[in-house]
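There are 4 protein chains.
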Amino acid sequence: MIRVGILGATGYAGAELVRILRGHPDVEIAVITSRQYAGVSFSDVYPAMRGIMDMPCREYHIDHFVNQVDVVFTALPHKLPMSVVPELMAHQIKVVDLSADFRFRNVPVYEKHYQHHTAGKLSESAVYGLSEIHAEKIRTASLIGNPGCYPTSLLLPLIPLIAHKMVKTGSIIADAKSGVSGAGRSISLGTHFCEVNESFKAYKVADHRHIPEMEENLSIAAKEPVQITFVPHLVPMTRGMLTTIYAELCQPASENDIREHLESYYHDRYFIRICREGIFPDVSHVKTTNFCDIGLKVDKRNNRIVLVSVIDNLVKGAAGQAVQNMNLMMGLDERTGLDSVPLPV
Amino acid sequence: MIRVGILGATGYAGAELVRILRGHPDVEIAVITSRQYAGVSFSDVYPAMRGIMDMPCREYHIDHFVNQVDVVFTALPHKLPMSVVPELMAHQIKVVDLSADFRFRNVPVYEKHYQHHTAGKLSESAVYGLSEIHAEKIRTASLIGNPGCYPTSLLLPLIPLIAHKMVKTGSIIADAKSGVSGAGRSISLGTHFCEVNESFKAYKVADHRHIPEMEENLSIAAKEPVQITFVPHLVPMTRGMLTTIYAELCQPASENDIREHLESYYHDRYFIRICREGIFPDVSHVKTTNFCDIGLKVDKRNNRIVLVSVIDNLVKGAAGQAVQNMNLMMGLDERTGLDSVPLPV
Amino acid sequence: MIRVGILGATGYAGAELVRILRGHPDVEIAVITSRQYAGVSFSDVYPAMRGIMDMPCREYHIDHFVNQVDVVFTALPHKLPMSVVPELMAHQIKVVDLSADFRFRNVPVYEKHYQHHTAGKLSESAVYGLSEIHAEKIRTASLIGNPGCYPTSLLLPLIPLIAHKMVKTGSIIADAKSGVSGAGRSISLGTHFCEVNESFKAYKVADHRHIPEMEENLSIAAKEPVQITFVPHLVPMTRGMLTTIYAELCQPASENDIREHLESYYHDRYFIRICREGIFPDVSHVKTTNFCDIGLKVDKRNNRIVLVSVIDNLVKGAAGQAVQNMNLMMGLDERTGLDSVPLPV
Amino acid sequence: MIRVGILGATGYAGAELVRILRGHPDVEIAVITSRQYAGVSFSDVYPAMRGIMDMPCREYHIDHFVNQVDVVFTALPHKLPMSVVPELMAHQIKVVDLSADFRFRNVPVYEKHYQHHTAGKLSESAVYGLSEIHAEKIRTASLIGNPGCYPTSLLLPLIPLIAHKMVKTGSIIADAKSGVSGAGRSISLGTHFCEVNESFKAYKVADHRHIPEMEENLSIAAKEPVQITFVPHLVPMTRGMLTTIYAELCQPASENDIREHLESYYHDRYFIRICREGIFPDVSHVKTTNFCDIGLKVDKRNNRIVLVSVIDNLVKGAAGQAVQNMNLMMGLDERTGLDSVPLPV
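Chains as they are written, first to last, in the working numbering: chain A, -10 to 334; chain B, -10 to 334; chain C, -10 to 334; chain D, -10 to 334.
No lab work stands behind these hints: they were computed from the structure.
Keep in mind that a hint or two might mislead.
Identical copies look the same in the list; a pair holds intra-copy or inter-copy alike.
With a straight-line Cα cutoff of 27 Å, these simulated DSS-like cross-link-like pairs (lysine-lysine) come out [claimed, not checked]: (1) K289 to K110; (2) K154 to K110; (3) K68 to K157; (4) K289 to K126; (5) K154 to K68; (6) K212 to K68; (7) K193 to K126; (8) K193 to K110; (9) K157 to K289; (10) K154 to K101; (11) K157 to K110; (12) K101 to K289; (13) K289 to K154; (14) K193 to K289; (15) K154 to K126.
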């Protein structure tokens, strides 16, 4: 059994880690932490888990981890991981960090959009955990910077095309829509039911912190600098993310050619499903699962391609992909513990 | 492996059966039927299931079942099961019927509220599949009349008290609230998004067909005739059911005494969770699970008890309890295939 | 023009007062206050109101009101009104208070369930603003204790029956369901979108502070002490409240008799609509309006009556009834400013 | 008083016409029709309207209109209006048609995307009812082709820029999101509550029938052919539409310059509100109103502008704009009957 620890277990991403890892056949959850709920049973915070996960949350202390866990998941706000991860790694504990702290190879970019980095060297050697793209590197990594939800939903459909020079790098526009759980469990007027329900809005228009993360990874795939226009929106639903991507084709291409390219690129990747012609994905089709469904349409009149991807922001966009990365790091089948059957409704 | 067939697999209860049984470690789904989608792959009806359940739906014919399946689940509208179940049973196939056709021991009551029964004898010998109450009989049954969702949510909290003469049989009032999936997948103005969203209403006030089913089973438990007032309501949510039950206490009793009685009554029943003092259940705590959570409060001033139960109407209220019954019939642990970890949100 | 002031204008009840009064043909809003948003334009707090209500919010000070307003609406948390209302009234300003501070004739009851009352004498002389029941007294009042939302939804259907000795006073059970706006605009985990959406729960079971308010007014109507069992629930919708009331009939009565009694009792009251036989009200039918729709059913088998009432908790349950009371106090038609046409969806 | 008739009064757009016109101070509703509900009182179809609009729905017959109405609103499915509008106009009745039948100056384009047009001449002479853009022509028109909801949300923010050669005509991409009422009141699996709730999807990707309507009107404004890429999405909410528009700037321009251009273009148009810097519109801010709120952001790095517009699809996107057009045609202030105060929630 792989012994794991979860830091920040009572936020939505942390609780989703608990959900998935509690059902993982090769994992034992050894310790969970929560600043807000230290000393409180997990099932008192999430009563759904009564009888299933009654373990108390603890304050973080390195002694609870050394020799007790093999892997730690950090589901903490940005900035906190950079202070604890070096310590954990010094004790041969593998880490999957769900914050932005270890997502950037280019640390100055991180520092421009987030804050000063106190573990920049470590960041440079971390592996970006986009599982389908970097599986080989992930298998031998000790530290994973787990991708953001928006980057995951954008990079998975786009990298195969951009790596193959099929779309113009300067033409990419992404219009993303996220469920409310992406905002986390912290309370604010912006997540008040009456402010979100029957509402729809754009936010951080062309100004979201996930943009440099997306651009760094697109640029790596394209082997040239890529800049995009990105606008996220908030949808009155709990889970799910849909990203609609627009790009000009480098050369006229049939929809079939592009679909086949995507299918071939991902042909052995269980969690990527390419939709058939005329079919477009719906976030409800991937809810609670680790799938990323991708649909596409060539707008011939305008020589553009439209890609539509959906993920569950808490699963493939956070906890699920983190567990997929752990599976890869620990030599397991990437699907282990992530193959729950989807809900019909 | 137990080979199962599912009749009516594309309705919400049928699709939920597919979901649960597809993940059941001891089950193989051998055949699924659908009148509306005969010849269509299940995953074309429910795209969430692509790659997971691509089996085509068939028209029902007895030849698809004889020697091919051990158990059949019938998730059909009332009246259809009574015409196919005798045929299936004649071929030694066990049946769990999710309609009302085999829920009544008293066939004239069925006929009064539904229609003429063409297999009344069979109904009288069927076992009412309220798993926690009738586990012994279910283990040896060949035909289960699986309970309705409202009856399940009402009977589980109430039977322990009524069987023990703790509440007055003439005083019971139940106010129930159901998510929209209880109305099924058939289209109607009443399930149009814009008519249900931001709406809340009572329907079939004191006049719902589940009342005789509840009263028959309460009367059996009480060993005297029991009549109740029952009002269902429609909640703008997909899954879930909450029933608030009011009854007069036969004798003054402390909340603690009653809680202990319930805990003792259900002490080894995994799927029943009695809430601690001051805690009341929320449908979101049991969503996608087979749990029934029960909370209670004694209103001392009025010598009444208030019981609050929650279930997922599609799981414990339909497909989940059906699988639990199959587990019991086939000698498996009742939890097999039903122990998915609950969702935090 | 009637000059009005609104204290606490940026909470949901306060903002609903702004909405209604801004459209009232005989009213001019002279001053609005908000502790949290003092100095901020109302339309910066509620961008929907841009160009329509750009007036800045102020801190409360008596000088802003003396000789500047004729009527003040206080939409403040309990306890604050009792400190400002005496001061306002000393300057001949009429007051409609939306808190509980002036709802009780029996001040010790208020003090038991809320806190020490520093203006108890004033409370005893205030008029309980249940418009349809106390219109005569309201017309000559200077201070109105505007009813709570739950009490309004319960008292309007029940008082006609209880005043006429048609139902047994000891048998009343009320099961109420409210939209989330009833919890106000303050942020808390309990109103986080992800915690409320796809959720349904009971709260303050048989223990809500509105119970003594309901019982005081039922007792006055019945001319004998009345006690009830009352359980509120939270519905995943923004506006609306439905209350289902169960009571034993004193004598067998036909549904028609009771319907006629209700129609006759309210025959000239525009905002009360009694549903026809077989029709039950839906909160969506009264959304954004000041109507209270009432449906009923006699459960003959059990000699009980079931009453179902719906209101918009922010309108008839708060701001709308407050304006209706102001209309009565100021000699206007009670409908003035409250006759907007209902929304089809 | 202006006497109006409404054809197709029981669909959502028709019922919204009833709502607005019933509250219009200068209008009397003389006749309403409904094929499905002929003979039924409007308030039996929409119980919210009980006591307010109890008029029966009729079958359409020209005799009910001649000499009885001054204006007719046709809220019928495409194709039906072209058969009744000529007849109405022959009797000097002015018409505002909410279908696509009279929106196109270029009839062959209509015929390509809809069907054969039996009143093509009439269509060529009709006025496209985008109120803020074509007010002058509307004032003297007898027949208005009322714009589609998507075209309204796209054209209002875009025409001022495209008419002024500020954006490249070949670069326009529009990503639109609509509430479910846009799909109408007809029942279908696609509007079933459980299929829409907690769901989000794209549909008719780069293939929606509103595209030619948008392109015709953009081309007229640009005085050159304009083609766009347009993708609509379905949001789990009842009312509202948000469109995010991306375009390349012809020349670098500051956000301020563009904002001032928009403000100046619409400076006397009550229903257009341009958001301040850093503020973006939310559909909840225009719900039930005739406003179109527009926000913008210059993505300097990519020399693109992002425009975000919101409307209530049933008001400015249908019935509200239709009434605004009637006001203009009949010489009234365009705001008459359309100035209800917005809802805070």
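Hint check, failures only: Structure breaks hints 1, 2, 3, 4, 5, 6, 7, 8, 10, 11.
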